[in-house]
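**Student:** Both chains are given apart, each in its own frame, so use the hints to dock them into the complex.
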Amino acid sequence: MGNNGLDIDNKLSQFENKLAELKELACMFNTDMSPEIKALEKQFLREKKLVYSKLTPWQKVLLSGQSQRPRSSDYINALFDNRVELYGDRIYGDDPAIIGGLASFRNYKVVFLGQEKGRDTKERIARNFGYMHPEGYRKALRLMKLAEKFNKPIISFVDTPGAAPGVEAELRGQHASIAENIGMMSILRVPIISIVIGEGGSGGALGVGVSDKILMLEDSIYCVCKPETCSEILKWGKDRIPEAASALKLTADELKELGIVDEVIKEPLGGAHKDHELILSRVGRAIKRNLDELTLLEINELLDKRYVKYRNIGKFE
Amino acid sequence: MLDNLKKNVCPSCNLEIGKEELEKTYKVCPNCNYHYPIGSDERIRQLIDAGTFIEYDSELESSNPLNFPDYEDKLQKDKILTGLKEAVLTGEGNINGYPTVIGVTDYRFRMGSMASVFGEKVVRAIERAINKRLPVIIISSSGGGARMQEGMLSLMQMAKTSSACMKLHQAKLLYIDVLSYQSFAGVMASFAALGHIIIAEPGTRVGFTGERGRSSIRQNLPEGFQTAEFVIKKGMIDMIVQRKDLKSVLADLLDFFS
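The listed protein sequences derive, respectively, from chains B and H. For the first sequence, position 26 matches number 26 in the working numbering, and the numbering has no gaps at all. For the second sequence, position 53 matches number 53 in the working numbering, and the numbering has no gaps at all.
Keep in mind that the hints were calculated from the coordinates and are not lab data. Do not take every clue at face value.
Claimed, not checked - List of simulated lysine to any residue pairs, SDA-like, C-alpha gap at most 20 Å:
id	chain 1	residue 1	chain 2	residue 2
1	H	Lys234	B	Glu168
2	H	Lys167	B	Tyr307
3	B	Lys305	H	Gln170
4	H	Lys85	H	Arg45
5	H	Lys234	B	Gly93
6	H	Lys234	B	Gly166
7	H	Lys74	B	Glu317
8	B	Lys235	H	Asp70
9	B	Lys145	H	Gln170
10	B	Lys315	H	Lys79
11	H	Lys27	H	Val249
If we strip away everything but chain H, and leave its shape as in the complex, we get (with noise of 0.2 Å):
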């Protein structure tokens, strides 16, 4: 599906649609309303006031701490690729004057998936939040759930990042969460399920156990499963917001607690 991106066409309704016009659209189809899955980079953009915001351990860089073959090489090809050093970025800034501390996971690095750094890097912005008693908001493109090349280490963080989320709940400090593209496995069944909101965007692919996941199991799919949609009408989620309209919403709900 992704393959589309590149050839300037709606992966989702084949609509030509060029570059510029999409960066006036938030990266949504005009057409049908696909939201194109964004970098972290763009979303700080599309979210944060111009100037406001602060990256947080930016110098922070994975290793491959289990010597596991070939992760150095996919480490570099995504960092050479996406110029990010990991599959999420950290900071602070304002949302229409309100500060917050804010996460977002990038989809295009490790396919947002959570490892060492990952998991520290989270957990400092949920620390300096409490030190500064700030809300936090954490967006996830994540797919890719615990990096399997950091092995249990990976796994580890959906603890560790989860009793961070526990003591933003315990110092009674708003904590959001934002799913976008898609959200699974690791990290949905982590902090990315802890927020006091869920909001998702439209067509957000949300669950525990992906495609990939299923193979082995022949059954027969509801119709939408797994989307937005459809896991808001089973309780999951609290809200789907259109992308033009994410950072009007966040900054009513940092009003609303603040």
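Bound conformation, chain B alone (with noise of 0.2 Å):
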């Protein structure tokens, strides 16, 4: 298997090549090709569903990655109505990395976060190509404390490569903001449903991620490091970085399994850059039927069942 994602997506082009080939032969002669071209349909379809339903773990961390998959804002815009941004932690700046504000979403009103890595050069390099600072992590805190005291839901979707790293970050404690969301998160009064859209980067996602469900799309990743990070502290070398991959078991179906993830949403056929529009209204069903699950609960059981759910994560002899 080549390391570039891609491959795939060339090898069924080839079929695709072909297939349109066929038809302009038909064309051309003006004869009937149909069963023909029926066929290789068929066929297409086929192979098309097995290359997919059989990619590797790290065929997944590079499908996740896709830059032409679903952003954040793309969620937001097309699920919420009457969206008002805010801005802001009101004590050092704004972190254009993570997107907040209240929004209606069908019959309720939510506050909602986004960590946003951008689309082309100039947003991802404007947004920090997702990676959060610790005012990032502030402002969300702050807008979920608003959410708290008016008793709306929070909707927050996760997709980061990490908390930045810098020099700067620590500076200003990311540490400490990461610690106190990941707290604040654990028992804050009103319900809570993260969805992993793309990339769970570490406590980088997790300082956004606390919640009562994770969703999480189906192509999407959640780990606790990089792939390639893993396999380079272990001196397993470039070659290893699959493995590593697939030892880190970070795809969702591996997550739903050890209990961590709550719910798989299915993405189409060949990921969710392959159909926007499907993939939003899946995930904007599964927002709506988690919320009616979750607002049914007495607050009280809500943390409990919040508490348990977390405490429970972890296996041991």
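**Tutor:** What follows is the structure, encoded as structure tokens:
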């Protein structure tokens, strides 16, 4: 297997080209080749399904980083109405790596958060590629406390390679801001739903990810460290990065199995970027269903459940 | 740096110093005040009144839940080398007569990193403290953060331990963090930063991203970056306490909040 996830797409596009060629030929010679074309199309779909059902964890890592995958802002813009974005932590600044604000969602009023990597190069730089600084975590916490005060559920989209690792982040207390968010999110007295839509990068993701329900897109990943880093630390070298990806158990299905993720949201064939509309509607439905469920619970029951959920994570003899 | 430990030479100032002398100085160099990292067993001896320590959950041992390559071997090696079963020791005992629950993470065992058993032991200790209405002191020497070999199970211990810390806050029970040697990443971004009072020993390295995580970025570091003396000026910790004074400072705090 090559290191480039697009290898899969290349293989499939060869198939696609053949199909197009056949169609063209049929047209040129004005012959009815529809049975052949239909058969080939069927075979193509079968092949495609097979290929995508057998993705290795490393291929999922590459897929999850696809720049064409819908970003947090795509979900927020599509699913929420009457959006009001709010800015800043009131202490230091505003962190463009996370967006947050107020919105209505179906019959609910919610506070939304979304780690935002940005789309084109310019925006990606402006948003620091989704690496949040302490002011971002503090902005998120400010909005979450607002949600708690006015009894609004919190919807948090997780998509980050990790918390910002630079000197500036350290000087402003990266560890403390993440710790405080994790702690506070475990006791906030409103329902919290987090959705991992691409990359769940370690503590940087958890800093806005503690929730009553963790939903995860089928081809997204959530990991304690990047497979590249893991392989480097273990001195496995670059060749064994795919092995590290498997060892870390970072795919949605594996994490569901481990009892960490509550629900896996199926992606369109080939990944979320192949059909934005379809994945947006699926995510919308999943949020609605979980909100309906969580808002029925009495608040202390919700909090007990949240505590037990995390209390029970861990495996040992 | 730690290689020097075996040669009876201070890793910081190269002073030749015998083992017996170091014992008398709480494993602190009498010349340059370098605080040697110390193991969890020694820490308990230094802090807890003789004969009062009761260890919790000593039977809990890490397995290899994800079948991560070579993890069992690494655990086995650390177990043999240290005589410990996990990177954290928990229990209860008295500090100058004040009863407390205490947890000590051990840098010698998987760099003090947090995984399933670690998190479970910390949470059980905190839950016992809540039931018994006792304060909690956790001493962290964890450069390792969340242990890679247990993947997301390790990462989620951040949430698990932090949830328990918040219960402690809600129960209005005192929680003190002591940072020693080094404390980074998943440990420092969870329970080790959630104490009512955060104490560090001199020279302790404190932060989120350690040197390895920064290696890809070229940035000039301010002098003393991520040391206790530096982060106290940045408002991250409450006080720096010499090891020889730690027991009495903790006793004073336990007294104040009792």
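**Student:** Any hints this thing doesn't respect? Which numbers, in order?
**Tutor:** Checked against the structure, no hint fails, so every one of them is satisfied.
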